[in-house]
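Let the hints inform the model, and build the full structure from the sequences given.
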Amino acid sequence: MSSILPVAFDGIAYASWLFLISAGLTLIYGVMRILNVAHGSLYALGAYAACSLAGVWLGGGLPAAGSFAMLLLAAILVGCLVGPLIERGLLQWMYGKDEVVLVLITYAVFLIMEDVIKLVWGVDSLLLPEPYALPGYFLLGGLPYPVYNVLLIAMALATGLALAWALYRTRKGKLLLAVIHDREMSMAMGINVSRVYLATFAVGATLAALGGAFTAPTIAVTPGIGVEVIVLAFAVVVIGGLGSLGGAALGALLVGLVRAATVRYWPEAELFSIYAVMAMVLIARPKGLFAAQEARKI
Amino acid sequence: MKAAAVAIASLVALTALALLSPQWLVFMAMLMLAKGVVVLGLLVLMRTGLVSFGQGLYFGIGAYAAALLSHGLHVADAAVMLLAGAAAAALIAALLGLLLAGYRDIFFAMLSLAFSMILYGLLVKSAALGSTDGFNLHARTFFGVALAPGVERRVFLIAGAVFAVVVALLVHRLFRGHWGRLATGVRDNELRVSYLGASPYRAVYVNYLIAGAMAGLGGALAALAVGHVDPETTYWTTSGEFVFIAILGGTQSILAPFVAATIFEALRTVASQYAPNLWQMSLGLAMLAIIMFLPAGLWTLAERRRRSA
Amino acid sequence: MRPSSLRAVLAAFGLLLAMPASLAQQPIKVGIVTFLSGPAAGPFGIPARNAAELTAELLNAGTVPAPYTQKGFGGTPIELVIFDEAGGPQTQVAEYRNLVPRVDIVIGYISSGDCLAIAPVAEEQNKLTILFDCGTPRIFEDASYKYVFRTGPTGTMDNVSVALYLVKRTPNVKSIAGINQNYAWGQDSWADFENAMQTLKPGIEVKTSQMPKLFAGQFSAEITTLLGSGAEVIHSSMWGGDLEGLVVQGAPRGLFEKHKVVLSAGEPAINRLGTRIPDGTILGARGPFGPFAPDTDLARWLKTAYQGRYHIPPNYASFKMTQAILGVKAAYEKAKSSGNEAPDQDKIIAALENLTFEGPGGPVKMALGKGHQATMDAAVGTTKVENGQLKIVDIERYSADKVNPPDGVKSEAWIKSGLKK
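In the order they appear, the protein sequences are chains L, X and W. FYI, in my numbering the residues of the first sequence are 1 to 298. FYI, in my numbering the residues of the second sequence are 1 to 309. FYI, in my numbering the residues of the third sequence are 1 to 421.
Please note that a few of the clues may not be correct.
Unchecked claim - Covered stretches of chain L, going by a simulated chain X footprint (3 or more residues, C-beta under 8 Å):
| # | segment |
| --- | --- |
| 1 | 45–52 |
| 2 | 109–118 |
| 3 | 235–246 |
Claimed, not checked - Derived DEER-like restraints, expressed as beta-carbon distance ranges:
| # | chain 1 | residue 1 | chain 2 | residue 2 | range |
| --- | --- | --- | --- | --- | --- |
| 4 | L | 286 | W | 81 | 50 to 56 Å |
| 5 | L | 286 | X | 122 | 20 to 26 Å |
| 6 | L | 66 | W | 275 | 55 to 61 Å |
| 7 | W | 297 | X | 122 | 48 to 54 Å |
| 8 | X | 289 | L | 63 | 47 to 53 Å |
| 9 | L | 66 | X | 95 | 41 to 47 Å |
| 10 | W | 275 | L | 182 | 58 to 64 Å |
| 11 | W | 402 | X | 122 | 55 to 61 Å |
| 12 | W | 66 | X | 141 | 50 to 56 Å |
| 13 | X | 151 | L | 93 | 51 to 57 Å |
| 14 | W | 63 | L | 139 | 57 to 63 Å |
| 15 | W | 296 | L | 66 | 44 to 50 Å |
Claimed, not checked - Short, incomplete list of chain W residues facing chain X, as computed with Cβ under 7 Å:
| # | residue |
| --- | --- |
| 16 | 72 |
| 17 | 76 |
| 18 | 80 |
| 19 | 83 |
| 20 | 88 |
| 21 | 89 |
| 22 | 93 |
| 23 | 95 |
| 24 | 98 |
| 25 | 102 |
| 26 | 112 |
| 27 | 184 |
| 28 | 187 |
| 29 | 256 |
Bear in mind the hints are in silico, worked out from the structure with no lab data behind them. Where is the CB? At the ideal position from N, CA and C, for every residue including glycine.
Shown next as structure tokens:
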């Protein structure tokens, strides 16, 4: 019994991370019908920008607590500069193409950005461990846990609640839901769909970068971190049902808990636990846990 | 009969290549044929409007089936290996297809990816198969005829060329015939197809089976060429490469996958020496350019030329 | 692009490949294959490439200390052709075949999967090929080759030597645990370590063996399990970003205080992590490289020249690359000493077989695999921060024959049967 608590905490912490990286993905898909592979490179870009900004901050001898603000700033900068750049510069010309072609277009963007990151930051790893160690640790079941992970859980909760509030309780969010429901009808009703797309992509990109920026202190930021994230985020989003925010949350929780339990009780199986979960969920519910109903086209 | 003429011409050209060119070119041609066959299988699937991000599953099964024959059972006959690769892949495709034929769009793509990653995980865990290091294989005979070292790959190339041309001709006939048209129907409007009394599920299933078997054949051929198998063959990036080559060539012609695979390999060789850190970027830019300016793939270039001539 | 220009590109590409072979034989062309992109580029690939470029340049200038004072190889300058190792064995076999007609010798390969795949191709192509870094002992244990050599020691001695070190320093150790990347290197390293510990301390308890996915980067749940396992010793053969992640996440949680942590391939992380590696961590360098190198002219030369140019100390990948080039040079000059002619490949091979030469990490004996596989002394040490700098203290050295199996005996069987000479 004593091991249930640590497994649950690790599972929830991992799930929070998964939710942060997949919320933006499912949002963009829900609104724009684009399964955005470049999400992985926006994540990586967020991590690299966080290292640079917080590095400058800490290097300047400024108070260490401020590095958290730098992480946030990095995410917002990446989301609001690079996100619109991709959407206005490329994607807006591609709407209406087949979903699979859109996947390939964002895959191309991903490939380009991978090399851009290497050209800017080099192939060596970057480290930013200060924010991770700063809040200290607490004991749970006799084992030390970093407080940083609690912050991550809190942030995932806050992000999820804020998104849900913005979608269902604000006027802009309701406009967004209208676009999700029927793009053409929304245009006919005078909604500026182009602007909605731009805003959605910027928010999605910021969420990806946020995931990267707040992961940066826990890892060595190296070329290729984006690749690992894409497949994970895809799996979570597909498990939850594409385009569903609640689905992403549930998918993240499911994968997080299964993974933590596997690590504890059956470490050899960790490698494919997530894919096994995905396959089983899709076999039981072909469109994921919370799939939207679609009209039949005749 | 134009198809037969092209087939004979390709066969003659590849045989001449196998007999006359230096070793590295023989090898490149084998790899190009192997990948071309896999991508051609992907085109069969794409006829039904489905894209698999998990063809690496069958590519890997084909490669490992061939390698295990040599490694575990000491069967060193290249022809047996090629057939075994295709058969093993077809068998698994026949099973998984029962499930996957019910899926569409991105769900089909993701579920096929999940299966390929599960196989990847299993292979990585198999210490007896060398985990990620993989293991080497040796083919020494062809239809029972012993081959001298150095000659073997030339023979394998001819064998691969025969297999590839036969498969390509079959696919050509398939596209022209009832099944090919049914597949296009499924892609365009599945519901209408079922109202007309045909089964979209069956059409998808059969095409999935064909694509799987072809990927298995390609995997076995690649294993013969490389002389080594490893789990990377089943990783999702390998599957992604196949999709990329398919898009590069376009779906218009049976020959397109082979031409696209050649261009892809040639570009990578140049990049790996001169610009290792620009390779992915060049791939990405090429892909964007093709999607924007040649939505039907590089093959449209040849078509345009023919029309203007 | 029109089809005609496409054809032109392809033709140019063909020409490109064919051209250098027909050029004059002047310099000796050495193909270098190492990771220039991907996750292994930072910790291994780039340091190895830097060492190759530096060594080639200084050899051609004739400024390397004895016994390598002669310019180039036996007076003939050498020229490098550098290729990226990324893409997996299938891609590498293709690139190798393209490379063979263009160079006289190939030196390269960090990944064991690439080495296994390349070796039979080298044999088929009759091209002298030097594997410089990959670790799996399977290459010369499962097959024998004429054209393939490995001038770096196998991975066997890494884990045997840390096990010997551990047993000597903490004789009462009763339990171990591991966290290794889930791929061949991680699995083999853990198996070697576990078997060696079982041999040295029969009945030792294995608490848990964690195998996170390669490049997962985040190990929170794994660290929890390790912390809760109660194992005295934690073994890891991780490298690169994963190793750095393990230290960054493990250190604040007391992983390194509560347990004796052994990083069998941890040396390259020194340059990245520095004083963030907690005191008392047991560290290996896959041989007597980097801070473990004996104090010789050659080691001092490499350290000074490398530091001077790249502003960072050379790590074990740099040492092993330089060692491979110097090994070929030694064989080339030994083969040449019988006549004035440039020696042909067969003579160089005959000279390299069973050769003992001096590398920047000390003497290298081509003692295994019928004279094709190097053995070296092993060295293990413990980290300690002194005056704000990470130092390696309590270094123990193990002579090559104590940490490597005798020729013809497989590593795994040798470890299990009691590490006998």
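Checked hints:
Evaluation of the coverage hint for the segment 45–52 of chain L: breached, as 0 residues show C-beta separations to chain X shorter than 8 Å, against a requirement of three. Look at the segment 109–118 of chain L against chain X: 8 of its residues bring a Cβ nearer than 8 Å to a Cβ of that chain, three or more, so the hint holds. Only residues whose beta carbon comes within less than 8 Å of a beta carbon in chain X count, and the segment 235–246 of chain L has 3; three or more means the coverage holds. For the pair residue 286(L) and residue 81(W), the beta carbons lie near 52 Å from each other, so the given range of 50 to 56 Å is met.
The hinted range of 20 to 26 Å is satisfied by residue 286(L) and residue 122(X), whose Cβ atoms lie roughly 24 Å apart. Taking 55 to 61 Å as the suggested C-beta distance range, the pair residue 66(L) and residue 275(W) does not conform, at roughly 23 Å. Checked against the hint of 48 to 54 Å, the pair residue 297(W) and residue 122(X) passes, with Cβ atoms roughly 51 Å apart. At roughly 49 Å, the beta carbons of residue 289(X) and residue 63(L) sit within the given window of 47 to 53 Å.
A C-beta distance of roughly 57 Å is found between residue 66(L) and residue 95(X), which places it outside the suggested range of 41 to 47 Å. Residue 275(W) and residue 182(L) have their C-beta atoms about 60 Å apart, which keeps the hinted 58 to 64 Å range intact. Taken as a hint, the range 55 to 61 Å is violated for the pair residue 402(W) and residue 122(X), whose Cβ atoms sit roughly 38 Å apart. A C-beta distance of roughly 53 Å is found between residue 66(W) and residue 141(X), which places it inside the suggested range of 50 to 56 Å.
Our hint of 51 to 57 Å for residue 151(X) and residue 93(L) holds, since their Cβ atoms are close to 53 Å apart. For residue 63(W) and residue 139(L), the Cβ-Cβ distance of about 59 Å falls inside the hinted range of 57 to 63 Å, so the restraint holds. Roughly 48 Å separates the CB atoms of residue 296(W) and residue 66(L), a value that falls within the hinted 44 to 50 Å. Against a cut-off of 7 Å between C-beta atoms, the interface hint on residue 72(W) is violated, since the closest Cβ of chain X lies about 22 Å away.
At about 23 Å, the closest approach between the beta carbon of residue 76(W) and any beta carbon in chain X exceeds 7 Å, and the interface hint on this residue is violated. Interface hint at residue 80(W): violated, since its Cβ lies 11 Å from the closest Cβ of chain X, which is beyond the 7 Å cut-off. Annotation: interface hint on residue 83(W) holds; nearest CB of chain X at approximately 5 Å, less than 7 Å. With a least beta-carbon distance of about 4 Å to chain X, the hint placing residue 88(W) at the interface is held under the 7 Å criterion.
With a least beta-carbon distance of about 5 Å to chain X, the hint placing residue 89(W) at the interface is held under the 7 Å criterion. Taken as an interface hint, residue 93(W) checks out: its beta carbon lies about 5 Å from the nearest beta carbon of chain X, inside 7 Å. Because the smallest distance between the Cβ of residue 95(W) and any Cβ of chain X comes to about 6 Å, under 7 Å, the interface hint for this residue holds. Interface restraint check: residue 98(W) against chain X, minimum CB-CB distance 5 Å, threshold 7 Å, status holds.
Violation of the interface hint for residue 102(W) is found here, the shortest Cβ-Cβ separation to chain X being roughly 10 Å, above the 7 Å cut-off. About 5 Å separates the beta-carbon of residue 112(W) from the nearest beta-carbon of chain X, less than 7 Å, and the hint is met. For residue 184(W), the suggested interface contact is upheld, since its CB lies about 4 Å from the closest CB of chain X, less than 7 Å. Hint status for residue 187(W): holds, given a least beta-carbon distance of 5 Å to chain X, under 7 Å.
With its C-beta approaching chain X no nearer than about 28 Å, residue 256(W) sits outside the 7 Å limit, and its interface hint is violated.
Against the hints set out earlier in the document, violations occur for numbers 1, 6, 9, 11, 16, 17, 18, 25, 29.
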